[in-house]
Each structure stands twice: as structure tokens, then as C-alpha cells.
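Engineer: When you get a sec, could you build the whole thing from the sequences and use the hints?
So the chains spell out like this:
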Amino acid sequence: MSSHDRPPDPLEPVWKALANQWRREILDYLREGPMSTGDLAERFPEVSRFAVMQHLKVLEDSGLVVVRRSGRSRINHLNPVPIQQIYERWVSHYEGRWTEALLSLKRQVERSRETHLPDSHSSTAS
Amino acid sequence: MEDRVFSVEIRAPVQAVWDEITKLGKVQVPMMNTVLETDFRPGSRLRYYSPDRKYVLVIGEVIECSPPHKFAHTYVMTDLGEAPTLVTWELHEIPQGVRVTVTHSQFSEQSAKTHKRVKGGWAFILENLKALIEQGEVPFKTRFQYGLFGMLMWMLPKRARTENVAAMEKKQ
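Protein chains in written order, with this note's numbering: chain G, 1 to 126; chain E, 1001 to 1172.
Heads up, some of the hints might be wrong.
[Unchecked claim] Simulated restraints on C-beta separations:
no., chain 1, residue 1, chain 2, residue 2, range
1, E, M1168, G, P45, 48 to 58 Å
2, E, E1109, G, Q21, 29 to 39 Å
3, G, S104, E, E1064, 17 to 27 Å
No wet-lab data here; the hints were simulated from the structure. Note that CB positions come from ideal geometry on N, CA and C, so glycine has one too.
Structural biologist: Shown next, in the form of C-alpha cells:
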């Protein structure tokens, strides 16, 4: 029962959508650029067109794919936002060094700026 | 060149999101920490300024404004000065709140650099928009990045300075 009281993880549909090999392969194609449902189905000759459409529906419901109509065809776009959210939640925590690198860049930029500023009033500049 | 589409679900009333993305005169923190200026009438000028207003980062022209569901405008990054592209914000009410979709389109060879650059930018903006509206603030990392942007503003070309952007606006 207690698990029912827990607020739902907003990324739950994304994890579910990603937990399938075909859907991950669809996303691999869409990463290269948007594709119509027909063109996508052709890339998966071993799967029925209907199955591809079902997978696309799951991807769309999860927010990983956004569908735009173009004339009579449906164009499927990869939406990078949920991927970014997963990245923020799981990967960015291991990035302490990234922050360190930025801080050191900040210091360097500030130093180089100081040396470029006209310092006619400063007698201590070396 | 293909359209770029970005979408996020925000647990808030549609009006809250609309008010944030159309806020004037104050910094829109998710929107790369810029200040929007426009009167929202189709054909009118639109500018996204740096917080100190010394630079204009994006210029454009309003195409459509239908509160609280659709806002479309042309889009030119002033430091690139490429051909205008089109940005369309769409807000759809859903049971959990609102689905916000940004479609960046009408790219050509004359806006290839813009096409490349906005790939990650909109994901960052939408994620921060969600954080601001649902949690009241953007993550520390975002604010840190803005601090860095602020320090690097002086690297922008002269044509991006506020006093110079009118020349670029005339050309469009």
C-alpha cells in the first residue's frame, strides 16, 4: 500500500518507454533527424507496421517523441528534453570535475580581463 | 533542414506558463536570463536583451500571439546575424497541467549555424522553465552558467550591442 502513497515519478513513462529494444532503436533513427511513420516502419522489416505504430504511441505518450503533421504523413521528432532530464538526475551528479573546470575557467577569464583593463591609476600592476 | 522540436510537461495552470514566457521588463530567468521587449502585435519588432540591456541577443518580428496558447515570432541570433528562422510556442492544457512545445523551423543554408546551436539550447530553456514554475527557482547550475555568460558578454561582436542592432533589424 505504501508505494501507492508515493508521488509518481514524472519520468516513469520515459523509463517504461526506454525499456524496450525496438523503441530504443526507433530513437536511434530519430536522433539523426525527424522521420515519417512510413519511413520508420520500412527500417524495421522484421516488425509489422502496426507494431511500429504502437511503439511510436508509447514514445509519444512518454514525451520522447513529438509528432507533427505534414500533409498526410505524421513526422516523428525526437524530443531531447526528457533525455536531458534523465541526464540531470543521474549523470550530472557525477560531474564534480565539470564544476571545478568551470570555476577555474572563471578565474582565468577574470584574470585575463584584469590584465586587459587600462590600469593607469594603478601603480602596483606588475 | 529539419525542424527542431522540444516539448515538456509542466504541472501548473496554462496561464502561469504563458505569463512567464511573455513577461516584459523583467528578466525571464529560464530564457537564458534575458529581458523580452515587444508589443505582441503581428509585424511588431521583438527583442531579447541581456539583463543590463547593453546587448540584444535575439531579434525578430511577431508573427502570431494568441494568449494563452500560441506565440510565434521570427528569430535571429544577433551574434550570428543569419537569415531569420521561426520559433513557435504552443501551450496545450492536459489533465496534469500544460504541455509546452517549442518548434523552431524555417531553417536554410543561410541559418545553418543557428540550426546547430539551438539543438541543446531549447532543451535547457524548457527544463529551466519547468523548474522555475514548479519549484519556484532554477537549479544552482543554471544560475552559475548565467554568471559565466554575463562575464563573457564582452566577447560578443559589436553588432550585438543594443545601439547597433537596429541596423540588423532594418535588413530583415
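Engineer: A separate judgement is required for each hint: does it hold in the structure or not?
Structural biologist: Hint check:
no. : hint                           : in the structure
1   : E/M1168 <-> G/P45: 48 to 58 Å  : holds (50 Å)
2   : E/E1109 <-> G/Q21: 29 to 39 Å  : holds (37 Å)
3   : G/S104 <-> E/E1064: 17 to 27 Å : violated (45 Å)
The structure is inconsistent with hint 3 alone, although it conforms to all the rest.
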